[in-house]
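Dock chain Y against the given chain Z, drawing on the hints supplied.
So the chains spell out like this:
Number of protein chains: 2
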Amino acid sequence: MSQYKNDVNKILEDLENHIQGFSYGTSPKELYEPISYIMSLGGKRIRPLLTLLAYSLYREDYQEILTPAMAVEVFHNFTLMHDDIMDNAPLRRGKATVHEKWNANTAILSGDVMLVRAYDMLLDIEPKLLPICMALFNQTAAEVCEGQQHDMNFENMGTVSEAAYIDMIRQKTAVLLGFALEFGAILAGAPPTDAKKLYEFGVNIGIGFQLKDDLLDVYADKEKFGKQVGGDIISNKKTFLLLKAKELATGDQNTALENWINAKEFDKEQKVQAVTEIYDQIGIKNLTESKMKEYFDKGFAQYASINVPNQYAYQVLLKLTQDLVNREK
Amino acid sequence: MSQYKNDVNKILEDLENHIQGFSYGTSPKELYEPISYIMSLGGKRIRPLLTLLAYSLYREDYQEILTPAMAVEVFHNFTLMHDDIMDNAPLRRGKATVHEKWNANTAILSGDVMLVRAYDMLLDIEPKLLPICMALFNQTAAEVCEGQQHDMNFENMGTVSEAAYIDMIRQKTAVLLGFALEFGAILAGAPPTDAKKLYEFGVNIGIGFQLKDDLLDVYADKEKFGKQVGGDIISNKKTFLLLKAKELATGDQNTALENWINAKEFDKEQKVQAVTEIYDQIGIKNLTESKMKEYFDKGFAQYASINVPNQYAYQVLLKLTQDLVNREK
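Chains Z and Y, in that order, give the protein sequences.
Take the first sequence: its position 312, counting from 1, is numbered 312 in the UniProt record's numbering, and each next residue is one higher.
Take the second sequence: its position 244, counting from 1, is numbered 244 in the UniProt record's numbering, and each next residue is one higher.
With the rest of the complex left out, here is chain Z (with noise of 0.2 Å):
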């Protein structure tokens, strides 16, 4: 393994032992466990890391910011469990989601005391800086629930134009990433101008990485991918690809997009195997991996017009950026 995955690795392991032993309240259980599990259930922990990295960036203290690392890791999850709730989804990370192991209501409630829980953690930053990591957090978090919205609302509109869903995205799961590095910069002292390239590096690689999960849905290497393709073909989810192809479908293409999109019966297998031939006949994977490698490209720009104290943080930062724009799965 290199160097810089064992130093990734290192602060990974820093910040899940702080995580672990973090208590958010005991009673009632009710209220508390669901929070305990829905943040012992794994996933990446890109955000919190993302964080760290960029406050190393220029300092190597990181230790004293785990606390509010975590908070955006916690705010993310609180995203989440409401999230499960307003999707109905019954599995998050192959468990059962919080409205299932319990119900809505202690869904709903939890999640509500996870947010507050994440602004606690911001009172671990020193008091100077919490005026302006307060207004981020606030924008970045009304943007969320603002994309979460659009989201919602684009399942009942005919079409969604590509400047609409790149916006939704954007503010859905971009916004935090860039508020993420953002606010790491701010706690170490960069300067104003360093922190701002670093929310756009992160505002911009986060599309990109949507559009990637969009991607790999349809085209993803069954064998690396460890999820069923083409989820969001049976299900019909306007992703990218999908309001791409309806832009640009003509004629007959249109005529059997429509129909699958409309049909009530159908075998699955064959769904996505039709709908990904009109998609492979348009040429929405180079559309969409031409629209992905604008935003990655932008994003990167961005980070190689800073200029940081520490190179090697700056290496790191970067090589773990380019694992996950190169991910299959």
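The hints are simulated quantities; they were obtained by calculation from the structure and are not laboratory data.
Remember, it's a predicted structure, so these values are computed and weren't measured experimentally.
Treat the hints with care, since some could be wrong.
[Stated by the list, open to error] Negatives, chain Z to chain Y, calculated, CB over 10 Å:
(1) SER2
(2) GLU13
(3) ARG59
(4) LEU80
(5) LEU216
(6) VAL308
(7) TYR314
[Unchecked claim] Residues on chain Z that point at chain Y, a partial pick, calculated with CB under 8 Å:
(8) PRO28
(9) LEU31
(10) ILE85
Yeah, the Cβ is synthetic: ideal placement off N, Cα and C, and Gly gets one too.
Chain Y alone, transformed into the frame defined by chain Z:
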């Protein structure tokens, strides 16, 4: 109208104008319209009023803290929006609840944004006061959620002790009144011991208010009450009155009470009359009044022990609280 009422009404008018002129956001409208809607349903605005009056004990420029005071009201309405989903309540202040007028998902997500906006309003505080105010706000917010969870748990429990019930209403409703007062005092730069006494004043008065609510539901003057007398009896709500009755009823009283509680079909008026008669036999009205008076006395004793620069403002807050104590609906 007395001068004190004129003063209170002037403050309420300024507060109401501030609330009405505030923008929570615009797009997507599904997210922000429910916030304006619930905030426009009115209510007595007691909590922010307490913040402004506590501030006025020490300073005259309450207009400076209208936004932070409003945070308390926005937080309160956030809890109402989410509680109404959990309680499956069709009406709030005579109008459709948010989850009825829109849907549960919208009520979840709009509520989430309301909580974020409440924190945003706290940023209007002098930076050096932000950490202490936010710590108290977080503590209060978590306790309110804990109280709501305890209240929901009680619905599935055979018996609830007096101590557990008092603690539940302390968390669910009283601590926010305590916070509202302490918050105003802190913003005005009051001595910390005064601020803490004002908190205790609010908490004890708040417990008294809830006991009074429980009492009025059964013993209010029908003409003055404005809503159905006995609603809690009809729905078997575990109020202070019911849990004391279950604790103290013996023999035939106990059998009759249990029969009414377990009856699936019944004449509402008959049930209210019969249960009220059992309450009368046991002396529940006196018991509740005496418990209520205990908390009111404790609260007013705390208030009497502070020494503030503005004696007139002291009388205004005292009279307002006494009016609330003496209300008959």
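Here is what the structure says about each hint:
1. SER2: It holds; SER2 of chain Z is separated from chain Y by about 40 Å at its closest Cβ, greater than 10 Å.
2. GLU13: Consistent with the label, GLU13 of chain Z stays out of reach of chain Y, its closest Cβ about 29 Å off (over 10 Å).
3. ARG59: holds, 22 Å
4. LEU80: holds, 12 Å
5. LEU216: Nearest chain Y Cβ is 27 Å from LEU216 of chain Z, so the label holds.
6. VAL308: VAL308 of chain Z is indeed farther than 10 Å from all Cβ atoms of chain Y, at 28 Å.
7. TYR314: holds, 32 Å
8. PRO28: holds, 5 Å
9. LEU31: holds, 4 Å
10. ILE85: Because about 6 Å separates ILE85 of chain Z from the closest Cβ in chain Y, which is inside the 8 Å limit, the hint holds.
When held up to the earlier numbered hints, the structure conflicts with none and fits them all.
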